[in-house]
Amino acid sequence: MAYPGAAREAFAREIESIRGQGLFKEERFIHSPQSSGILVEYPSGEAPRKVLNLCSNNYLGLSSHPEVIAAAHRGLDERGYGMSSVRFICGTQDLHRDLESAITSFLGTEDTILFPSCMDANAGVFEAVLGPEDVIISDRLVHASIIDGIRLCKAVQDSYKHADMGHLESKLEEHQDKRIRLIVTDGVFSMDGDLAPLDRICELAEKHGAMVFVDDSHASGFIGKTGRGTHEHFGVLGKIDIITTTLGKGLGGASGGCVSGRKEIVELCRQRARPYLFSNAVPPPIACAALKVLEILSRTTERRDKLEENTKFWRKAIREAGFVIKDGESPIVPIMLFNAKLSQDVARDLFREGVYVVGFFFPVVPAGQARIRTQMSADHDIPELEKAVEAFRRVGEKYGILGLDKKGIVARYGN
Amino acid sequence: MKDVILDYIRREYLDDEEAEEIRLDENTPLISSGIVDSFSMVSLKRFLEKKYSISIPDADATPEAFDTVSRILDLIARFRKEA
Numbered sequence: 001m002a003y004p005g006a007a008r009e010a011f012a013r014e015i016e017s018i019r020g021q022g023l024f025k026e027e028r029f030i031h032s033p034q035s036s037g038i039l040v041e042y043p044s045g046e047a048p049r050k051v052l053n054l055c056s057n058n059y060l061g062l063s064s065h066p067e068v069i070a071a072a073h074r075g076l077d078e079r080g081y082g083m084s085s086v087r088f089i090c091g092t093q094d095l096h097r098d099l100e101s102a103i104t105s106f107l108g109t110e111d112t113i114l115f116p117s118c119m120d121a122n123a124g125v126f127e128a129v130l131g132p133e134d135v136i137i138s139d140r141l142v143h144a145s146i147i148d149g150i151r152l153c154k155a156v157q158d159s160y161k162h163a164d165m166g167h168l169e170s171k172l173e174e175h176q177d178k179r180i181r182l183i184v185t186d187g188v189f190s191m192d193g194d195l196a197p198l199d200r201i202c203e204l205a206e207k208h209g210a211m212v213f214v215d216d217s218h219a220s221g222f223i224g225k226t227g228r229g230t231h232e233h234f235g236v237l238g239k240i241d242i243i244t245t246t247l248g249k250g251l252g253g254a255s256g257g258c259v260s261g262r263k264e265i266v267e268l269c270r271q272r273a274r275p276y277l278f279s280n281a282v283p284p285p286i287a288c289a290a291l292k293v294l295e296i297l298s299r300t301t302e303r304r305d306k307l308e309e310n311t312k313f314w315r316k317a318i319r320e321a322g323f324v325i326k327d328g329e330s331p332i333v334p335i336m337l338f339n340a341k342l343s344q345d346v347a348r349d350l351f352r353e354g355v356y357v358v359g360f361f362f363p364v365v366p367a368g369q370a371r372i373r374t375q376m377s378a379d380h381d382i383p384e385l386e387k388a389v390e391a392f393r394r395v396g397e398k399y400g401i402l403g404l405d406k407k408g409i410v411a412r413y414g415n
Numbered sequence: 416m417k418d419v420i421l422d423y424i425r426r427e428y429l430d431d432e433e434a435e436e437i438r439l440d441e442n443t444p445l446i447s448s449g450i451v452d453s454f455s456m457v458s459l460k461r462f463l464e465k466k467y468s469i470s471i472p473d474a475d476a477t478p479e480a481f482d483t484v485s486r487i488l489d490l491i492a493r494f495r496k497e498a
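These protein sequence lines map, in sequence, to chains A and B. Start counting the first sequence at 1; every next residue gets the next number (this note's numbering). Start counting the second sequence at 416; every next residue gets the next number (this note's numbering).
Treat each hint with caution, since some may be false.
For lysine-lysine, the following DSSO-like pairs were computed, each having C-alpha atoms within a straight-line distance of at most 30 Å [to be verified]:
# : chain 1 : residue 1 : chain 2 : residue 2
1 : A       : Lys207    : B       : Lys460
2 : A       : Lys178    : B       : Lys466
3 : A       : Lys50     : A       : Lys398
4 : B       : Lys466    : B       : Lys496
5 : A       : Lys178    : B       : Lys460
6 : A       : Lys306    : A       : Lys239
7 : B       : Lys465    : A       : Lys207
Listed below are several chain B residues computed to face chain A (Cβ distance under 8 Å; list not exhaustive) [unchecked claim]:
#  : residue
8  : Asp422
9  : Ser448
10 : Phe454
11 : Ser455
12 : Val457
13 : Thr477
Since the hints were made in silico from the structure, they are not lab data. These numbers come from a predicted model, not from an experiment. Every residue, glycine too, gets a C-beta built ideally from N, C-alpha and C.
Required output: the full structure, derived from the provided sequences and hints.
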């Protein structure tokens, strides 16, 4: 072992610098299962208190659903705890084949391959499929895991202004000489909650002979009439060449992700994608529970319908209370505060009021765009959301920001 | 040359609202302020290489070297000389 003092000091200085920039992240300990009401120990060491959770990705409220828990138990009892192997040695069970097939049917694609997470799917897919003769043209607000995946691949990289179709088209024209042009976007953008215009993206892709990649992690299970995702919402089922998504949000919330799409692309991932080749198979209890989630969602749209209803209520009520929100229709509802410190102060005061939210600021979102990201769940009900609106109203009043637009808030607090 | 690059940055990186709000000149921080993120910087590099017939090695295309138009002008001058 060699951990010289100089190394320790250098690392400690870096940690201090993270603190100094106000970017230090602290975990809060939750003493209950994930749900709309959780017991949170914060600050660390304090007695846990019950708060309304407005910041989880538990969109469909399935993280602690009795049927899902029972399925996970069954997986554990019948197929064990872990596989102790990567998929291609001795880590593939019938459960994995069944789950891949169920995801393929659910998303309306040709084939699917599971990864330990969607982060891993995004890290592996580009390098497995594209080379230096190809170009990736990505929306500038795509998730960090996509950017990491693109950086690992040898294709030419380019990007277009967020959701700007004119700019995307000019990039497609500029790269006509490439073998493959791959347009890359999130289905629902995680920080803004807006939807990528997949109908127009698919039109441009057809016009310019390009392929389309969508990360639908914040959409699978609830966007679109039957919850298939952003491609269903825009009427382009079957037209997306690569969909990556996660089982760690709406679809049960545990872990695991996938690449779903054209069968040759999925096969190339099976042969070459490094996170698939070099990490363990999704554990049997998770595979079994995810199968149950898809069965529930194929049986009824009740949960996505309730989520839609909660989202409509929340967007309207919080706007009427006098806050500025980003327009959209997804359950991600960013409440704009523009100033980083204000976003932290408001989040802290809301916690005292029994509402758990988190403030986001640069570099997680663009400078001057600090916000509190609220997320709806089918687990919420209207009376508890009404209470949350009241809490927001009280805190907004304290800071004198109710009814102010961007200019008003920036004039008062800076950005 | 300065105006050509500033114009490109406006068109390539700013949306309509930002174009109205942000005053750009040769000393405006681009990368450290978040106007251009380090991932999207590659299109600026490609533009400069094509427009001024130079080749900027990846090792020199750092966020620091691209942080203001003034520094970008220095970089162009350097690689034009080396060519």
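Status of each hint after checking the structure:
The straight-line distance between the Cα atoms of Lys207 (chain A) and Lys460 (chain B) is roughly 28 Å, inside the 30 Å bound, and the hint therefore holds. For a cut-off of 30 Å, the pair hint linking Lys178 (chain A) to Lys466 (chain B) stands: about 20 Å separates their Cα positions. Among the hinted pairs, Lys50 (chain A) with Lys398 (chain A) is consistent with the structure: their alpha-carbon atoms are about 23 Å apart, no more than 30 Å. In summary, the hint linking Lys466 (chain B) to Lys496 (chain B) is supported, as the alpha carbons are separated by about 16 Å, within the 30 Å threshold.
Proposed proximity of Lys178 (chain A) and Lys460 (chain B) is supported: the alpha carbons are some 19 Å apart, at most 30 Å. Distance hint between Lys306 (chain A) and Lys239 (chain A) is fulfilled; the C-alpha atoms sit about 28 Å from each other, no more than 30 Å. The hinted pair formed by Lys465 (chain B) and Lys207 (chain A) meets the criterion: a straight-line CA distance of about 26 Å does not exceed 30 Å. Contact between Asp422 (chain B) and chain A, as hinted, is not supported at the beta carbon level, the nearest pair being about 15 Å apart and thus beyond 8 Å.
Proximity of Ser448 (chain B) to chain A holds as hinted, the smallest CB-CB distance being about 6 Å (cut-off 8 Å). This hint holds: Phe454 (chain B) has a C-beta 5 Å from the nearest C-beta of chain A, less than the 8 Å allowed. The criterion of a C-beta within 8 Å of any C-beta in chain A is met by Ser455 (chain B), whose closest approach is roughly 5 Å, and the hint holds. Because the beta carbon of Val457 (chain B) sits about 5 Å from the nearest beta carbon in chain A, less than 8 Å, this interface hint is met.
At its closest, the beta carbon of Thr477 (chain B) sits 15 Å from a beta carbon of chain A; the interface hint therefore is violated under the 8 Å criterion.
The structure is inconsistent with the numbered hints 8, 13, although it conforms to all the rest.
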